[in-house]
Amino acid sequence: MSAGKEKQTDLGATEGLKLLYEGSVKKVFSSPDTKDRLFFHFTDDYSVFDWGKMPDTIENKGRALATMGAFFFNELGNPEIFKRAKTSEHLKRFDKSFLEQRFNHPVFSGVCGVTNYGVPHHFKNLHQNGAVLTELENLQAEPPLMEVLTARVERPSLHQIDGQPTYFYPQTQAGNSKRESAGRRLVPLEIVFRFGMPAGSSLKERIEKNPDYARTLGLAAKPKEGEWLARPVIEFFTKLEPKDRLLTVQEAAHVSGLSGDEFESLCEMAYASALALFVLFAEHGIELWDGKFEMIVDYGSHDKDPSGGVLLLADSVGPDELRLIYRGVHLSKEMIRRIYRGSEWEKSLQKAQKLAKERGSADWKQIAVDELKSAPEKLAGLEKTAVNKLYGCLTNHLTGKQVFKDHPTLDQYIDALPAALKGDQKVGTAQSKK
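FYI, the numbering for the sequence shown is 1 to 434, going by the working numbering.
Since the hints were made in silico from the structure, they are not lab data.
Beta carbons are placed, not taken as given, at the ideal position from N, Cα and C, and that holds for glycine.
Errors might be hidden in some of the hints.
[Unchecked claim] Quick list of in silico lysine-lysine cross-link-like pairs, PhoX-like style, CA-CA up to 20 Å: (1) Lys53 to Lys347; (2) Lys53 to Lys243; (3) Lys389 to Lys422; (4) Lys373 to Lys53; (5) Lys378 to Lys53; (6) Lys351 to Lys373; (7) Lys422 to Lys243.
[To be verified] Pairwise CB distance ranges (calculated): (8) Asn210 to Gly130: 50 to 60 Å; (9) Lys35 to Thr248: 29 to 39 Å; (10) Ala199 to Asp363: 28 to 38 Å; (11) Ala419 to Thr87: 33 to 43 Å; (12) Glu358 to Asn210: 14 to 24 Å; (13) Gly218 to Pro106: 14 to 24 Å; (14) Lys243 to Glu22: 14 to 24 Å; (15) Lys18 to Lys354: 35 to 45 Å; (16) Ile161 to Gly130: 44 to 54 Å; (17) Pro106 to Ala420: 42 to 52 Å; (18) Leu372 to Asp36: 36 to 46 Å; (19) Gln101 to Trp228: 28 to 38 Å.
Please model the complete structure; the sequences and the hints are all you need to start from.
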C-alpha cells in the first residue's frame, strides 16, 4: 500500500521511534532516520462526544483504520475516481449548476487538477514487521504504522479577554516570520462536508436557531431532517482548541493563515474529495451523509513562493471521520454514539459544557470529572460483540479483500445486529458536527 515510488524506509512496530503526541485513538511518532516523515499508530481505543479515550477498546479497530486510511488515500490520489465522479449517476441527485461549477474549477479539471493527478496527500506507506506492507491480505495482528509527511503544528495561545477565552493563532499574526516559511504547516481547521441532514445533526440545530443560516451555506430552502441537501455544503470548525468551535467562512479564512487563492483551493479540494468519496461509497452500496477533512499546506523549500502553497489532504480518512449508512444502519462511529446517547454520562457532559460556557472556561471536561464525577461505562454484551466486528467488516467490504478473515460479509453483519443498533438515518443520531 504505497503512495509513490520514493525510497521506502523499513520499520517495525514502534521500537526505536520517538513518541511526539498521544491522542485518544492515535499515537504519532518520529524516526531519527526519516526527518521528513511521521508515523501514525492507530490504537484500538475509541472516543465519543469529544471525551477522549474511553474505558475499553474495540477489537481490530487500529488495524482497520490504518488499512482503510491507506485505501482511501490511494483512491483519492488516483485521478480515475474523479473522472468517474464527473459522469456518475450517483451525483445526479444534487444541483446541476453546483456540480458544473465544481467540475469546471481548475482544482478539479485544470492542468494540475485532480482529474489529471488525483488529490495531493501526505500518505506514503504502511509498515508492518520491518517491511512495507504491499498486500492487505498479509496484515498481521499488530496494527501497521502509517508513514506520512511531517508538518509543523502551530498551536494557538489562549488569552482571557474580558472574561472570555480568546485564541490567537501564530500564522495570522502580522510580522510573524513563520507565516509563510518554507516547509509544511497544518491548517488548523476541521473542514466538515455535508450531503444530507440526518436527525440529530448539529446543522439542524443551527438552522432552527437561525433560519438564514441555510442561505449562508448556499441552500435556497431550509433542508428537511433525514433528507439529502439540494447541494453539498461545507462548514469550518477549529482543530486545535479544547472544543471544536464553529467558524464563519471569513473566520476560517483568517484562522487558516492562507492567501485568498490558497483558501479557495482548500475549499475546492474539499468539495472534490467529498464528491469522489460519495461516489466511491455509493459504488459499494453505502450512503455517505457527511464527514470531515484536515489539510496541510506545503510552501516547498523557499519562503513566500509566488506560486503559493500546495494543499495536501492530511490526517486520515475512515469511518471515524465519516457518517456512513448501509441498509439503514450506521457503519461509522455513529453506531457507538447511539449506545451512549441518553445515558447519565452524556447528560452530565451537556451540563458540564453549559457550566463551562457560563464561566468563560475552556475546560468543560475538568468540570465533568471533578465536579460532576462523570465517567462513561464500558461497552458490554451484544453491543460490544457487534462493535468489535464493525471496522473489520467495513474494511473487507470496501477493499474487496478478506483482510479480516474471521468476519462475516457486510450483509451478514447487518442481519445479525441487535435491534437497538438498527434503524434508518431518520432515527436520532449524535449531536455532533461529524
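Hint-by-hint comparison with the structure:
Straight-line distance between C-alpha atoms of Lys53 and Lys347 comes to about 18 Å, which keeps the hinted pair within the 20 Å bound. Only pairs whose Cα atoms come within 20 Å are accepted, and Lys53 paired with Lys243 is accepted, the gap being roughly 15 Å. Distance restraint check for Lys389 and Lys422: the Cα-Cα separation of roughly 15 Å lies within the 20 Å cut-off, and the hinted pair is therefore satisfied. Restraint check: the Cα-Cα separation between Lys373 and Lys53 comes to about 17 Å, which is no more than 20 Å; the hinted pair holds.
The suggested pairing of Lys378 with Lys53 holds, with an alpha-carbon distance near 11 Å, which does not exceed 20 Å. Between Lys351 and Lys373 the CA atoms are separated by roughly 12 Å; this keeps the pair inside 20 Å, and the hint holds. Restraint check for Lys422 and Lys243: the C-alpha separation of about 30 Å exceeds 20 Å, so the hint is violated. Hint check: Asn210 to Gly130, Cβ distance near 55 Å, so the stated range 50 to 60 Å holds.
Range check, Lys35 to Thr248: about 38 Å between beta-carbon atoms, so the 29 to 39 Å window is met. One distance hint, 28 to 38 Å for the beta-carbon pair Ala199 and Asp363, holds here, with the actual separation near 30 Å. A hinted range of 33 to 43 Å for the beta carbons of Ala419 and Thr87 is consistent with their spacing of about 40 Å. Between Glu358 and Asn210, the C-beta spacing of about 21 Å keeps the proposed range 14 to 24 Å intact.
Between Gly218 and Pro106 the Cβ separation comes to about 20 Å, which falls inside the hinted range of 14 to 24 Å. The given range of 14 to 24 Å is respected by Lys243 and Glu22, whose C-beta atoms sit roughly 19 Å from each other. The supplied range of 35 to 45 Å is met by Lys18 and Lys354, whose beta-carbon atoms lie about 40 Å from each other. At about 52 Å, the beta-carbon gap between Ile161 and Gly130 stays in the expected band of 44 to 54 Å.
The hinted range of 42 to 52 Å is satisfied by Pro106 and Ala420, whose Cβ atoms lie roughly 48 Å apart. Distance hint for Leu372 and Asp36: a CB-CB separation of about 45 Å, consistent with the stated range 36 to 46 Å. In this structure, Gln101 and Trp228 break the distance hint of 28 to 38 Å, their C-beta atoms being roughly 18 Å apart.
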